[in-house]
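*Asks:* Spelled out from the first residue to the last, the chains are:
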Amino acid sequence: MSERLQNVIEKMHSEFEIEVETFRGENTLFVKAADLLNVMQALRDQHEFTQCMDVTAVDYYPAETGRFHVVYQLYSMPHNDRIQVRVRLDGNAPTIESVQGIYPGANWREREVYDLFGIIFNNHPDLRRIVMPQDWVGHPLRKDYPLGYEEVQFTFNFDEIMKNKPHPRD
Amino acid sequence: MGLEQKAGSLGIVTTTLENVINWSRTNSMWPVLFGLACCAIEMMAAQSSHNDFSRFGMELNRASPRQSDLMFVAGRVSRKMAPVVRRLYDQMPAPKWVIAMGDCASCGGLFNNYAVLQGVDEIIPVDVYVSGCPPRPEALIHAVLTLHEKVKKNKLKEWA
Amino acid sequence: MSDIREVSVDELRHLVSDRALSGETMLLNMGPQHPSTHGVLRLLLELDGEIVVNVVPDIGFLHTGVEKNMESKTYQKAEVMVDRLDYMNTVGNNLVYCLAFEKLAELDVPPRAQAIRVILAEIQRISSHLLWLGTSAMDIGAMSTFLYGMREREMAMDIFELVSGQRMMTTFIRPGGIWRDVPVEFEAAVRGFLKEMPRRIQEYEDLLLTNEIWLDRTKGIGVITQEECLQYSLSGPVLRATGLAHDLRKKQPYMGYDQYDFRIPTRTEGDVFARYRVRVEEMTESLKIIEQALNKLPVGPVKSNNRKYVPPPRAELGVNMEAMIHHFKIWTEGFKPPVGHVYTAAESPRGELGVYMESDGSGKPYRVHYVTPTFANLQAMPIMSRNQYIADLIGVIGSIDIVLGDADR
Numbered sequence: 001m002s003e004r005l006q007n008v009i010e011k012m013h014s015e016f017e018i019e020v021e022t023f024r025g026e027n028t029l030f031v032k033a034a035d036l037l038n039v040m041q042a043l044r045d046q047h048e049f050t051q052c053m054d055v056t057a058v059d060y061y062p063a064e065t066g067r068f069h070v071v072y073q074l075y076s077m078p079h080n081d082r083i084q085v086r087v088r089l090d091g092n093a094p095t096i097e098s099v100q101g102i103y104p105g106a107n108w109r110e111r112e113v114y115d116l117f118g119i120i121f122n123n124h125p126d127l128r129r130i131v132m133p134q135d136w137v138g139h140p141l142r143k144d145y146p147l148g149y150e151e152v153q154f155t156f157n158f159d160e161i162m163k164n165k166p167h168p169r170d
Numbered sequence: 171m172g173l174e175q176k177a178g179s180l181g182i183v184t185t186t187l188e189n190v191i192n193w194s195r196t197n198s199m200w201p202v203l204f205g206l207a208c209c210a211i212e213m214m215a216a217q218s219s220h221n222d223f224s225r226f227g228m229e230l231n232r233a234s235p236r237q238s239d240l241m242f243v244a245g246r247v248s249r250k251m252a253p254v255v256r257r258l259y260d261q262m263p264a265p266k267w268v269i270a271m272g273d274c275a276s277c278g279g280l281f282n283n284y285a286v287l288q289g290v291d292e293i294i295p296v297d298v299y300v301s302g303c304p305p306r307p308e309a310l311i312h313a314v315l316t317l318h319e320k321v322k323k324n325k326l327k328e329w330a
Numbered sequence: 331m332s333d334i335r336e337v338s339v340d341e342l343r344h345l346v347s348d349r350a351l352s353g354e355t356m357l358l359n360m361g362p363q364h365p366s367t368h369g370v371l372r373l374l375l376e377l378d379g380e381i382v383v384n385v386v387p388d389i390g391f392l393h394t395g396v397e398k399n400m401e402s403k404t405y406q407k408a409e410v411m412v413d414r415l416d417y418m419n420t421v422g423n424n425l426v427y428c429l430a431f432e433k434l435a436e437l438d439v440p441p442r443a444q445a446i447r448v449i450l451a452e453i454q455r456i457s458s459h460l461l462w463l464g465t466s467a468m469d470i471g472a473m474s475t476f477l478y479g480m481r482e483r484e485m486a487m488d489i490f491e492l493v494s495g496q497r498m499m500t501t502f503i504r505p506g507g508i509w510r511d512v513p514v515e516f517e518a519a520v521r522g523f524l525k526e527m528p529r530r531i532q533e534y535e536d537l538l539l540t541n542e543i544w545l546d547r548t549k550g551i552g553v554i555t556q557e558e559c560l561q562y563s564l565s566g567p568v569l570r571a572t573g574l575a576h577d578l579r580k581k582q583p584y585m586g587y588d589q590y591d592f593r594i595p596t597r598t599e600g601d602v603f604a605r606y607r608v609r610v611e612e613m614t615e616s617l618k619i620i621e622q623a624l625n626k627l628p629v630g631p632v633k634s635n636n637r638k639y640v641p642p643p644r645a646e647l648g649v650n651m652e653a654m655i656h657h658f659k660i661w662t663e664g665f666k667p668p669v670g671h672v673y674t675a676a677e678s679p680r681g682e683l684g685v686y687m688e689s690d691g692s693g694k695p696y697r698v699h700y701v702t703p704t705f706a707n708l709q710a711m712p713i714m715s716r717n718q719y720i721a722d723l724i725g726v727i728g729s730i731d732i733v734l735g736d737a738d739r
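Residue numbers (my numbering), protein chains in the order written: chain D, 1 to 170; chain X, 171 to 330; chain P, 331 to 739.
Chain D with its partners taken away, still in its complex shape (with noise of 0.2 Å):
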């Protein structure tokens, strides 16, 4: 880890509360939901992380708290350094403040998240679905959610799949 980033972290962790983890070279800052937009604003105004790169999220689907985290993961133009933040939401109605006014080009990515799993994000001022059609119900990268595959036909179970496959009428 380098020196700058080191000085960050030491920083982060006197100003907020947060847990700090590394594996393999890459530094992760868990901070709470709260906090979010004045740890992204320090970071990006005081330690010149530039660049909002990606924003994800991850299911742990039996787990009720904590049950999703999301990932934002932050590059500095000028120094070269790269820092993961972490929030983690609860299941049942998991919302988050959007990072949209801080970093513009979280914009489509938080629509991802919220089309895909279902996080709310709060002040985003367009939120609707962004790879799914408008009309679909449920959201497809949540751990209870089916694949949705269909079984592969064989000789013996060709006609009950045949039925089942939707024909064109011409």
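Hints in this document: simulated from the structure, not taken from any laboratory. Computed from a predicted model, the values in this text were never measured in an experiment. You can take every hint at face value.
Facing chain D, a subset of chain P residues (Cβ under 7 Å, in silico): (1) Ser402; (2) Gly670; (3) Gln709.
We put the CB at the ideal spot given by N, CA and C, even for glycine.
Dock chains X and P against the given chain D, drawing on the hints supplied.
*Replies:* Relative to chain D, chains X and P alone:
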């Protein structure tokens, strides 16, 4: 017999109406410009100078489905795109043919999940299926020739 | 299938300005099937005559559910699905996946495999730029460039076929190295490619660089400033055309890129012409890298020795018991990396391609997320196309170099 032998050199052939119509349909089938995913790149490669599609009459891709008679469904059809494909197919005037190019269009291919249609024949009737991921341009040309053979066997009774 | 819910107009009213609601400007749908949208992209245009007031892109027509599908397959099966994401950069997708896995599992890669990976990745970069040049020039009007570009791509695809048997979706790069060693003809084929390409690139320059029509249609169109690029997290040639020399191959080198000597082309104008020049110059730089890698190609093994992740060669299976057990475990349960998560990024022809991979210790990935450059670049399209004509919009779409498989995943 005698008339044909004498008149052959005048550039006259005698044949059936069926043959003439089928022959003219195969020799200038224009595909609609519709590439979805990776197979579209191989379709473009089949149309460029290395393997040439124009020698089979497919000189141009028409952008408008109303001016074309062949649709290559090249690539995976997702659930959001399915109504669009059906609408394009409906806009094509008869006679029309469909070639399902690649594994994803034939049977869902590699992707057996909630987002991909398991074969485009769930929404439109398909004439020729080409396998491959993506199929080589030679395989695509073979599919076109197979379609030509199928068209040449069309009977007048069926659509007149 | 699932139920359908009603979508009302009110949910979408905020996308258009008030002038459209009163009828002063026109809303036009440039639908998923369109000759110039390079794939299935739907654009909702708000037009004032022929000037574009606002563009709302609508993606998702190629959503394949790859990320969810990968969670139910083992690591080596999931890698096959990964080629098909950004289908112009298939080698690059495999490469980032393997880099992420190797970081997670702390797997070493022998130097010969690294050099061959570099050669293939740079050939893929050239072939992607060739297709970009062909299709975007064809959209702007220079139709013959398309045929020239496809002709050169055939040479590149012949090399891929020589090495792996497949023209496009090779899956040649596997965790721990590459699938197998390259055949004897590889060097001759690549040298032939290197000899032909500079002359062909010169041909493209002769066709386009001093062509008045090309200059009129590309200079000053689709301008974006550096601050906007950084705010929207753009990367790749779009960012380099605004003056910032940011290339992950130099800044965070991976796979031995720091041994090769090449420069990063940049421009300052930030318009379509600047991006065109950046990409053409990048092709020349890639040729330099391939030549250096080929000259220095080390001898040695092409796969790592770590039998926990790399299947042993078949010759050993008859004589060695551990090799047999490793082979069995790898092909039935899959290889099991330690618990944890990594984020690795590499430079694709479109920008920064990253993989977030999280493992829970089993043979199947727990979460794989691809951070694709096209998703970020498309977000900035409305900025680039404000107050331009529709015809210029086509040029802008071409210059961002979008591949919808990348954006929709």
